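J.: Given only the sequences and the hints, what does the whole structure look like? Please build it.
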Amino acid sequence: MRSFRYIIIGNSAAGIAAYEGIRQKDRAGSVAMISDETAPIYSRSLISYFLAGQIDEEGMLFRPRSFYGREGIEALLGRKVVKVDPKAHQVMLEDGEVFGYEKLLIGTGSAAVHPDIPGGGLNGCFVFRSYEDAKAIKAYLPKVKEAVVLGGGPVGIKAAEALSSRKIRVTLIVSSGNLLSQILDGTTASVIQKMLEDHNVKVITRCDVGQVLGESSVTGTKLADGRVIPCQMVVFCKGVQANTGLAVEAGISVRKGIVVDDHMRSSIPDIYAAGDVAEVKDILTGQRTIHALWPNAMQQGYVAGMNMAGGDRSYDGGFGMNAINIFGTPIIAMGLLRPEVRGGAEVLTAKGNGWYRSLVVRDDRLIGAFLVGEIDSAGVLNHMITHKIGIHGLEEAALRPDFSPARLAEAGIEIDIGE
Amino acid sequence: MKVKVRPDRCIGCKSCEIACAMSHSSGSPLGIAPRIRVKHGQVVRGQREPSKPYVVTCRHCAKPKCVEACISNAIYQDADGRVLYDRDRCVGCWMCIMVCPFGAIHRDLRAKKVAKCDLCDGRETPACVQACKVDALEIDNSRREQ
Ligand SMILES: Cc1cc2nc3c(=O)[nH]c(=O)nc-3n(C[C@H](O)[C@H](O)[C@H](O)COP(=O)(O)OP(=O)(O)OC[C@H]3O[C@@H](n4cnc5c(N)ncnc54)[C@H](O)[C@@H]3O)c2cc1C
Ligand code: SF4
Ligand code: SF4
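These protein sequences, in sequence, are chains A and B. In short: position in the first sequence from 1, add 283, done, that's the working numbering. In short: position in the second sequence from 1, add 414, done, that's the working numbering.
Because the hints were derived from the structure by calculation, they are not lab data. All values derive from a computational prediction rather than experimental measurement. Glycine is no exception: its CB is placed at the ideal position from the N, C-alpha and C atoms. Check the hints yourself; a few may be wrong.
Claimed, not checked - Partial list, computed: chain B residues near chain A (C-beta under 8 Å): (1) ILE425; (2) SER486; (3) TYR490.
As the list claims (entries may be wrong) - Calculated cross-link-like contacts (lysine-lysine; reagent style DSSO-like; alpha-carbon spacing at most 30 Å): (4) LYS450(A) / LYS527(B); (5) LYS428(A) / LYS477(B); (6) LYS428(A) / LYS450(A); (7) LYS450(A) / LYS485(A); (8) LYS547(B) / LYS450(A); (9) LYS547(B) / LYS466(B); (10) LYS418(B) / LYS671(A); (11) LYS634(A) / LYS527(B); (12) LYS418(A) / LYS370(A); (13) LYS526(B) / LYS477(A); (14) LYS477(B) / LYS428(B); (15) LYS421(A) / LYS527(B); (16) LYS418(B) / LYS634(A); (17) LYS418(A) / LYS547(B); (18) LYS477(B) / LYS418(B); (19) LYS526(B) / LYS564(A); (20) LYS505(A) / LYS426(A); (21) LYS526(B) / LYS418(A); (22) LYS634(A) / LYS547(B); (23) LYS485(A) / LYS527(B); (24) LYS428(B) / LYS634(A); (25) LYS428(A) / LYS485(A); (26) LYS421(A) / LYS526(B); (27) LYS671(A) / LYS466(B); (28) LYS671(A) / LYS547(B); (29) LYS308(A) / LYS526(B); (30) LYS477(B) / LYS477(A); (31) LYS485(A) / LYS526(B); (32) LYS477(B) / LYS466(B).
T.: Printed below as a string of structure tokens:
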């Protein structure tokens, strides 16, 4: 049996960052990166840009092809881990091979939910999570004039936009009352719905697909209310589920995701978790949650890697944030924006020619920001949310598109990034 | 290497902005967005008198948030700690803008990509530092822990 000092399961954001964290502390310790995907390190967040034809295969790479060779990593691609044995410090692969580890990172991310509805397995039905998914959708495009996208979250919107840019007529079907219902309230979301509709994406809210129609390939969808929408492709973007199976079976504590402490350690010694599979602290709600964001996965992976190699770093937690483009209009949503989560907080709004902005303020602290059109100062607001900087007296300035650290400096607030 | 700002010295003349735009254009700097920007604090409610100038530019952070957030690896940190930018790779997702605490990254509206300080890659002294007549900008070569 071969053994490695470090084994990393998953070669995406969390895995790469963990590797880089390890190498900060340990230049030579052996590392194996195992992934059931065959592609070299690519950026999952870019698959909609790939589908739209905006970038090619080179553009998808997140690290150069030479990464594994040069960095002395054993890359085991196209191979799935089926079992983790914490007592023996071993992982077992689908093909039966067993490897020993001293420290293990579970960076298995999450998988798209494929709803179990009649016709859901016909040719022309896809999920949208991996490079393979994007390639398969792309290859199927010549057969498609109309597509139905299910799900009004960021992934559904990105899929709809990418297909639409390929001159496909898209209908976006959303179960809840509005788009981005996990992030925004109905009034705010209607701004985004209007933008999509102005670009010929039809949006149907408060409805679900009951059935996908067709013999062997998709010819349409039948909605729960009986309406039929002709289409040749259905893309399910109905959320994701953390890949926690290995952890559960190994006896690791799991809720929605793998439970970790601030050092990214799981409940079992020498096993760490990071990224979309890990449940971490939300600094705004104080609750444990999965943030499912690329930068968060990178930060968590890095902290996990440093600690696996003997470091003592902690991860302070994060909060929900999203940057999206709707046909060229930039939109940024950060923190607590929905009435259900923002509670009695005050909401300030301002708008001008081509821009809109709202800020959510609770106890003199910024806890949410929503920016449309003019976004250059988003990072400064993000910093204020993260570091709970008092906003008293700065509200008016922060609502303006030209907000900058100058306004903070004038109020005697230095931007301190701990360097 | 990074450009260090000495706010006490800045007189708000914007020579650095112009030099930056020149340095990043092949011909006329008109229409080229500078990556360094001189801002003023107030402007709210009719006050006309500009307050103390403040230079917004990339700090080349030791553990840069923009690098963590960039989904395309367009922004990266080189071995000397410079936070550089490969324009061809940028997809204009604005993740980096959402996380830079200094607001130092701007959208290049025409290209639908971002523009940020590259320390005038290939030049010995960045154009802004060279242009500043009162030494409010200087080169800092100190190494920082990551
Ligand atoms: C279309 C789309 C757009 C997105 N856009 C953005 C964006 O703009 N900004 C943003 O912040 N985030 C975005 N995200 C989210 C972001 O991509 C994820 O948060 C990030 O990829 C999480 O990284 P990860 O390393 O935790 O997991 P993942 O990227 O999910 O990678 C986990 C890897 O582990 C592998 N794996 C799982 N189980 C096993 C096993 N048993 N054996 C071997 N290998 C296994 C998986 O196949 C996968 O390769 C987007 C996501 C999608 C789908
Ligand atoms: S762009 Fe912002 S976050 Fe990135 S290195 Fe510069 S100052 Fe730091
Ligand atoms: S806008 Fe460009 S540089 Fe910024 S995070 Fe996105 S891809 Fe990276």
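J.: Of the numbered hints stated previously, which ones are contradicted by the structure, given in increasing order?
T.: Hints 1, 3, 5, 8, 12, 16, 17, 19, 22, 28, 29, 30 not satisfied by this model.
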